[in-house]
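Line order of the protein sequences matches chains A and B.
Just so it is clear: in the first sequence, position 56 is 56 by this note's numbering, and no numbers are missing.
Just so it is clear: in the second sequence, position 124 is 124 by this note's numbering, and no numbers are missing.
A hint or two may mislead.
Lysine-lysine pairs mimicking DSS-like chemistry, simulated, CA-CA at most 25 Å apart [to be verified]:
id, chain 1, residue 1, chain 2, residue 2
1, B, Lys-304, A, Lys-2
2, A, Lys-75, B, Lys-112
3, B, Lys-414, A, Lys-2
4, A, Lys-26, B, Lys-257
Hint data in this document are derived by calculation from the structure and do not stem from the laboratory.
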Amino acid sequence: MKLSREQVRHVATLAHLALTEEEEAKVQEQLSAILEAMETLRELDTAEVEPTSHAVSEVGGWREDVVAPSLPPDKALANAPAKVGTSFAVPRILE
Amino acid sequence: MELTDLSLLELSRKLAAGEASSVEAVRASLARIGRLDGKVKAFLLLDERGAVAAAQASDARRKAGAPLGPLDGVPVALKDLFCTEGLATTAGSRVLQGFVPPFDGTAVRLLKASGLPILGKTNMDEFAMGSSTENSGFFPSRNPWDLTRSPGGSSGGSAAAVAARMAFGALGTDTGGSIRQPAALTGTVGLKPTYGRVSRYGVVAFASSLDQVGPFARTVSDVAALLGVVAGHDPCDATSSTRPVPAYLETLEQGVKGLRLGMPREYFELEGLDGEVRAAVEAACRAFEKLGASLVPISLPHTKYALATYYLVAPAEASSNLARYDGVRYGLRVPGRGLREMYAGTRDRGFGAEVKRRILLGTYALSAGYYDAYYLKAQKVRTLIKRDFEAAWGQVDAIVSPTAPTAAFRLGEKVDDPLAMYANDVFTLPCNLAGLPGMSLPCGFTRSGLPIGLQILGKHFDEATMLRVGRAFERAHDFVRAPPLGEA
């Protein structure tokens, strides 16, 4: 499967990655090669096979919904690149 | 003999006998790190003050006759993927530079509660994506057996630290072989537990259906002891199992008499398997026969599809998990005009080439129009791979194979060829896809003196049998050696 330059740009936009021209070209080539190697999976008939949802089926279960202490706001905000009061600050999104 | 030459359990016994103190052990480790880590580059960060303080507290507890945890006072290292309260955690990425977690991950909390001083944080491939540490956002680590070679990855720093005897043990994580492959390449023992055996809470996520925490040490008994400290249910990780944790050390010496060990044909017949590696692993298999086990040829027919399956499932999960690095809550922020430019600028500067490659691959595999053909298809093939193992467990108690197809490769050798690098994980990643426990232990050396790893796989939650098998081999054929680092 050969990816087009437009597909690379589209996926980069979805992933919030800004690629340079040079990166785009390299990614186009490498992803195409990787996807081609993935084509081997098409050899297998999986029409009747259930997809795996859990590696170990017994894992997971219900627990009581109990209120417990969580991280206090000052600790949760300690790593914020920018904050206002008890909120993370981001660039304005509405005019 | 230096203190640092002791195994983890030997040190623990010396501490119990009052023949050494934890402070002496920590200072000996730190001194060795000071002498050697300029060459090996296993550590990203040292916590000398924290380690000494924890050692002093351990010595004080012992002196006062206060209750002691298992391995109390034994210094260890942590892959820099574990959140450590008050101690910077980078996941090997520049996008997390400056991040100081406000809490300890569960495995870290359990180590601390058991009294183990933490020497520092070890180098790794960025977000655990890689097999060589060359994808670290900071610098590559070097293999103590040959400084021009890679220690493997992604937990290469932990493996190198243990191999170079700079730490008595270490924790790593294994998503597709990131504990077992570096263990094989550095002549150490590394164990990836069953999915759900150890809590993943507070471990920076890579691929959540595959990630698992596990120990490194120099002997099988040592990893059994460390696993016992960190295993168990954790309400903070819904995927952690409520099964009780067996006393691994109690069954360790039971030997392999009567056990059936499977040799998967597809692993031993792989084209890229190095001749010396194959010979050493086959010799190990014959040794098991001498010890009373029976060898059973088995087939895992979907093995050749595991690599493609893994490199769709893992990047897909990673693309979702890594969406959180957007410059909003922690780590790097590259300001931009508006939110989208800030996201893209931050991620572009913060992530390295391999991480971007996998995010793009995963995003593509999950995107509209391609989901069925790639991600869903891979999850279906994953079911077939799981069934291969389920069928094998009807015939055998454990599976033995090489851990990696070759011994340690040179730094730079594969870094520009992602598919060649991925092929290094061909024997390790089926185990992650199936959620099984696996371990690697040294089983010989190449003619040029590089360690060779033997992989043992077990049934779900049957780490005990796997460890017994490993221990039986180690007792009969001890390949624990100090690497030639030009000093004692």
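**Asked** Do the alpha carbons of A:Lys-26 and B:Lys-257 lie within 25 Å of each other, as the hint requires?
**Response** Not satisfied, since the Cα-Cα distance of roughly 54 Å exceeds 25 Å.
**Prompt:** Given the hint that A:Lys-75 pairs with B:Lys-112, does the C-alpha gap stay at or below 25 Å?
**Reply:** With a Cα-Cα distance of about 21 Å, the restraint between A:Lys-75 and B:Lys-112 holds, given a limit of 25 Å.
**Prompt:** Given the hint that B:Lys-304 pairs with A:Lys-2, does the C-alpha gap stay at or below 25 Å?
**Reply:** 22 Å, holds
**Request:** For the pair supplied as a hint, B:Lys-414 and A:Lys-2, confirm whether the alpha-carbon distance does not exceed 25 Å.
**Result:** Roughly 23 Å between the alpha carbons, so the hint for B:Lys-414 and A:Lys-2 holds.
Comparing the model with each numbered hint stated earlier shows that hint 4 is the single one that does not hold.
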